[in-house]
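**Student:** Each chain, letter by letter, is given below.
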Amino acid sequence: MKEKIRIPGPVKSMYGVYAGSLALVIYSGFCRTHPFVSGWRYPWAMALMNTFNFLMVWVLVLVSFVYLYYALLGKPKDSDWNEPLGIFRIALALLAIWFFFLSFAIYQPWGWLSGLISLLGGPAKSLKWYELFLWVMLLVNLIYVYARWAKSERFPRLTAPKKAE
Amino acid sequence: MAGKTVSRRQFLKHAGATAALLGLSEVMIPQIAQALEELASGKPPVIWIQGQNCTGCSISLLNSNYPMVAELVLNDLSIRYHPNVMAAAGYTATDVLDESIKDLKGKYVLVVEGPVPTKEDGEFCTFGLQKGKTKDLMGNKVPADKTIHEWMKELVPPAAAVIAGGNCASFGGIPLANAGVTGATPVSKIVAEIDSEKPVVNIGGCPAHPDWITGTVLEALLFLKGKGKLNLNSHKMSRTFFGQLIHENCERRASFDAGLFLEDWNQDDPDMKLCMFKMGCKGPVTYADCPVRRWNSKVNWCVGASAPCHGCASPDFYKTLSPLYEPLPNVNFPGITPAVDTLGWVAAGATAVGVGAHYLYKQLGHKGEETGEGGEK
Numbered sequence: 001m002k003e004k005i006r007i008p009g010p011v012k013s014m015y016g017v018y019a020g021s022l023a024l025v026i027y028s029g030f031c032r033t034h035p036f037v038s039g040w041r042y043p044w045a046m047a048l049m050n051t052f053n054f055l056m057v058w059v060l061v062l063v064s065f066v067y068l069y070y071a072l073l074g075k076p077k078d079s080d081w082n083e084p085l086g087i088f089r090i091a092l093a094l095l096a097i098w099f100f101f102l103s104f105a106i107y108q109p110w111g112w113l114s115g116l117i118s119l120l121g122g123p124a125k126s127l128k129w130y131e132l133f134l135w136v137m138l139l140v141n142l143i144y145v146y147a148r149w150a151k152s153e154r155f156p157r158l159t160a161p162k163k164a165e
Numbered sequence: 166m167a168g169k170t171v172s173r174r175q176f177l178k179h180a181g182a183t184a185a186l187l188g189l190s191e192v193m194i195p196q197i198a199q200a201l202e203e204l205a206s207g208k209p210p211v212i213w214i215q216g217q218n219c220t221g222c223s224i225s226l227l228n229s230n231y232p233m234v235a236e237l238v239l240n241d242l243s244i245r246y247h248p249n250v251m252a253a254a255g256y257t258a259t260d261v262l263d264e265s266i267k268d269l270k271g272k273y274v275l276v277v278e279g280p281v282p283t284k285e286d287g288e289f290c291t292f293g294l295q296k297g298k299t300k301d302l303m304g305n306k307v308p309a310d311k312t313i314h315e316w317m318k319e320l321v322p323p324a325a326a327v328i329a330g331g332n333c334a335s336f337g338g339i340p341l342a343n344a345g346v347t348g349a350t351p352v353s354k355i356v357a358e359i360d361s362e363k364p365v366v367n368i369g370g371c372p373a374h375p376d377w378i379t380g381t382v383l384e385a386l387l388f389l390k391g392k393g394k395l396n397l398n399s400h401k402m403s404r405t406f407f408g409q410l411i412h413e414n415c416e417r418r419a420s421f422d423a424g425l426f427l428e429d430w431n432q433d434d435p436d437m438k439l440c441m442f443k444m445g446c447k448g449p450v451t452y453a454d455c456p457v458r459r460w461n462s463k464v465n466w467c468v469g470a471s472a473p474c475h476g477c478a479s480p481d482f483y484k485t486l487s488p489l490y491e492p493l494p495n496v497n498f499p500g501i502t503p504a505v506d507t508l509g510w511v512a513a514g515a516t517a518v519g520v521g522a523h524y525l526y527k528q529l530g531h532k533g534e535e536t537g538e539g540g541e542k
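Protein sequence lines, in the order shown, are assigned to chains V and Z. The numbering of the first sequence is this note's numbering, which starts it at 1 and goes up by one. The numbering of the second sequence is this note's numbering, which starts it at 166 and goes up by one.
The set of hints was computed from the structure by calculation and includes no laboratory data. Here the structure is a predicted model, which is why all the values come from computation and not from measurement. Misleading hints may appear alongside valid ones.
Claimed, not checked - Lysine to aspartate or glutamate pairs mimicking EDC-like chemistry, simulated, CA-CA at most 16 Å apart:
| no. | chain 1 | residue 1 | chain 2 | residue 2 |
| --- | --- | --- | --- | --- |
| 1 | Z | Lys296 | Z | Asp268 |
| 2 | Z | Lys318 | Z | Glu358 |
| 3 | Z | Lys401 | Z | Asp481 |
| 4 | Z | Lys527 | V | Glu83 |
| 5 | V | Lys125 | Z | Asp481 |
| 6 | Z | Lys311 | Z | Glu288 |
| 7 | V | Lys125 | Z | Asp506 |
| 8 | V | Lys128 | Z | Glu413 |
| 9 | V | Lys125 | Z | Glu413 |
| 10 | Z | Lys311 | Z | Asp360 |
| 11 | Z | Lys296 | Z | Glu285 |
| 12 | Z | Lys284 | Z | Glu319 |
| 13 | V | Lys151 | V | Asp78 |
| 14 | Z | Lys267 | Z | Glu319 |
| 15 | Z | Lys306 | Z | Glu319 |
| 16 | V | Lys128 | V | Glu83 |
| 17 | V | Lys128 | Z | Asp310 |
| 18 | Z | Lys270 | Z | Asp360 |
Stated by the list, open to error - Footprint (simulated), chain V over chain Z, 3 or more residues, beta carbon under 8 Å:
| no. | segment |
| --- | --- |
| 19 | 277-289 |
| 20 | 372-380 |
Unchecked claim - Simulated restraints on C-beta separations:
| no. | chain 1 | residue 1 | chain 2 | residue 2 | range |
| --- | --- | --- | --- | --- | --- |
| 21 | V | Val136 | Z | Ala423 | 17 to 25 Å |
| 22 | V | Leu95 | Z | Ala423 | 49 to 57 Å |
| 23 | Z | Ala423 | V | Gly111 | 25 to 33 Å |
| 24 | Z | Arg459 | V | Gly115 | 27 to 35 Å |
| 25 | V | Ile143 | Z | Pro488 | 53 to 61 Å |
| 26 | V | Ala45 | Z | Ala253 | 49 to 57 Å |
| 27 | Z | Gly514 | V | Thr51 | 29 to 37 Å |
| 28 | V | Ala45 | Z | Asp263 | 52 to 60 Å |
| 29 | Z | Asp260 | V | Phe101 | 28 to 36 Å |
| 30 | Z | Trp430 | V | Val136 | 36 to 44 Å |
| 31 | Z | Met303 | V | Gly115 | 55 to 63 Å |
| 32 | Z | Leu294 | V | Gly111 | 29 to 37 Å |
| 33 | Z | Val346 | V | Phe101 | 53 to 61 Å |
| 34 | Z | Asp434 | V | Gly115 | 16 to 24 Å |
For each residue, glycine too, the CB sits at the ideal point set by N, CA and C.
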């Protein structure tokens, strides 16, 4: 029998907000790069999706910062938090922060991150990198969800096995 | 305005149209009306000089239909000097510049069309005459030509703001491309040498859209009157007009997404819907509102007329974005150039296979483990 995994409430909430905002970021991001496939094709609709995407990316990056603080510096000493794959989650948070900068650069290519745009080969190539990282964000997070499930006491079932009496 | 038989209703309509032109909210109409009234009564002066230009941007301004250019020149902006539309010539014309320098310190907006040549003492572009005389080739004493660089040194310090009209003035454009034999220099650099504190606004385009010119001049005037703010990007271009990627609003974007490209100019494309990316369209790297604003009284624009966007509003035009009919380079990975979506789907497939294989392996192993455990129990 695997050890029971204990997760503090704030961490559960953080992951909930992270996963929710990530889903919306990925959806609106793909809508942004495929306006005619998604149906958000009219300028007002595209503008709405872009703004919504930007808002959600902010939520994502702020949660990631909070998570990094909580996991690395602000963790209470008497915490019974024994959730596995901590390094994976830190990597996910860092990836989200990088994705935020990439999104910011895409929205304002001549803004303060114009150097990043130049580094990535100009606005057109940067859009391609953005699209590529949408896929990376999606797949890496799916892999995390699977890996976390594989580490849980439920695996390979969806529900936890009944305790032996 | 009343003297010109303009009713209050017409005037407010004009202010509303100006707000629409600038992309401002309707709540700004009273402030714009007030600013225009002050501008009209005070005749805010605009001085328009030309450097190494083709006069295309001036011709574009003359195509302005709302407001009509005559209204703009005489009522709204009071353009005191413009080589193509002023009636005066010779000393009568250049005296206006000298008077403006003396009498209108800090009041006029200087619009410069075309870059400033700096090689050979700037003699590639002159207008008017210098004070004092010089000797010609025959040894006769004649007045010396005055270069635009000299004019800039005199006109920039008293100007309230400087506007670089068109891509050539803003970024060097065609005169700066390739050899650049004349030493063409963007206006902003020249202004920075003369007075680094002077506000400069760049307008892209070859030529610049009349709305971009009038809108930017009005934005600058409203800013100087304290009625609005200059919302500029890092290239000192107004976000009102240069804030959207052409590619995002392009009417042929659907074809780009679907991978339907025009491969040859003789290709059969009766509906004119195929994406011209492979034929050199620079829409994916150019920020301008051409697809929405359109040209010639909103009739059409380059892509609508089956010509690829040349990126004339981009700071990279012409040098970096040429050859005009060569496609932009895509994302290059070593040895392969896959479309991002294809790569994404392949990675998704690989992930699914990996996860599935791991699950099956673990489940089969778990069953074996369970059997073993059960046996022990």
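**Student:** Do the alpha carbons of lysine 318(Z) and glutamate 358(Z) lie within 16 Å of each other, as the hint requires?
**Tutor:** With Cα atoms ~9 Å apart, lysine 318(Z) and glutamate 358(Z) stay inside 16 Å; holds.
**Student:** Look at the Cβ atoms of glycine 514(Z) and threonine 51(V) and judge whether their distance stays inside 29 to 37 Å.
**Tutor:** 33 Å, holds
**Student:** A range of 29 to 37 Å was offered for this pair. Does it hold for the Cβ distance of leucine 294(Z) and glycine 111(V)?
**Tutor:** 45 Å, violated
**Student:** Given the proposed pairing of lysine 267(Z) with glutamate 319(Z), does the C-alpha separation stay at or below 16 Å?
**Tutor:** 10 Å, holds
**Student:** Could you say whether the range 55 to 63 Å given as a hint is met by the Cβ separation of methionine 303(Z) and glycine 115(V)?
**Tutor:** Since methionine 303(Z) and glycine 115(V) have Cβ atoms about 56 Å apart, the given range 55 to 63 Å holds.
**Student:** Counting residues of the segment 372-380 of chain Z that have a beta-carbon nearer than 8 Å to any beta-carbon of chain V, does the count reach 3?
**Tutor:** violated (count 0)
**Student:** Verify the CB-CB distance for leucine 95(V) and alanine 423(Z) against the hinted window 49 to 57 Å.
**Tutor:** Cβ of leucine 95(V) to Cβ of alanine 423(Z): about 30 Å, so the range 49 to 57 Å is violated.
**Student:** Checking one constraint from the list: CA of lysine 401(Z) to CA of aspartate 481(Z), max 16 Å. Satisfied?
**Tutor:** 14 Å, holds
**Student:** Assess, step by step, whether the Cα of lysine 311(Z) is no farther than 16 Å from the Cα of glutamate 288(Z), and give holds or violated.
**Tutor:** 8 Å, holds
**Student:** Mind checking the alpha carbons of lysine 270(Z) and aspartate 360(Z) for me, to see if they're no more than 16 Å apart?
**Tutor:** 14 Å, holds
**Student:** Has the hinted range 49 to 57 Å been met by the Cβ atoms of alanine 45(V) and alanine 253(Z)?
**Tutor:** Given a distance of about 52 Å, which is inside 49 to 57 Å, the answer is holds.
**Student:** Starting from the hint 53 to 61 Å, judge whether the C-beta atoms of isoleucine 143(V) and proline 488(Z) obey it.
**Tutor:** 43 Å, violated
Checked against the numbered hints above, the structure violates hints 1, 4, 10, 11, 12, 13, 15, 16, 17, 19, 20, 22, 25, 29, 32, 33 and 34; every other hint is satisfied.
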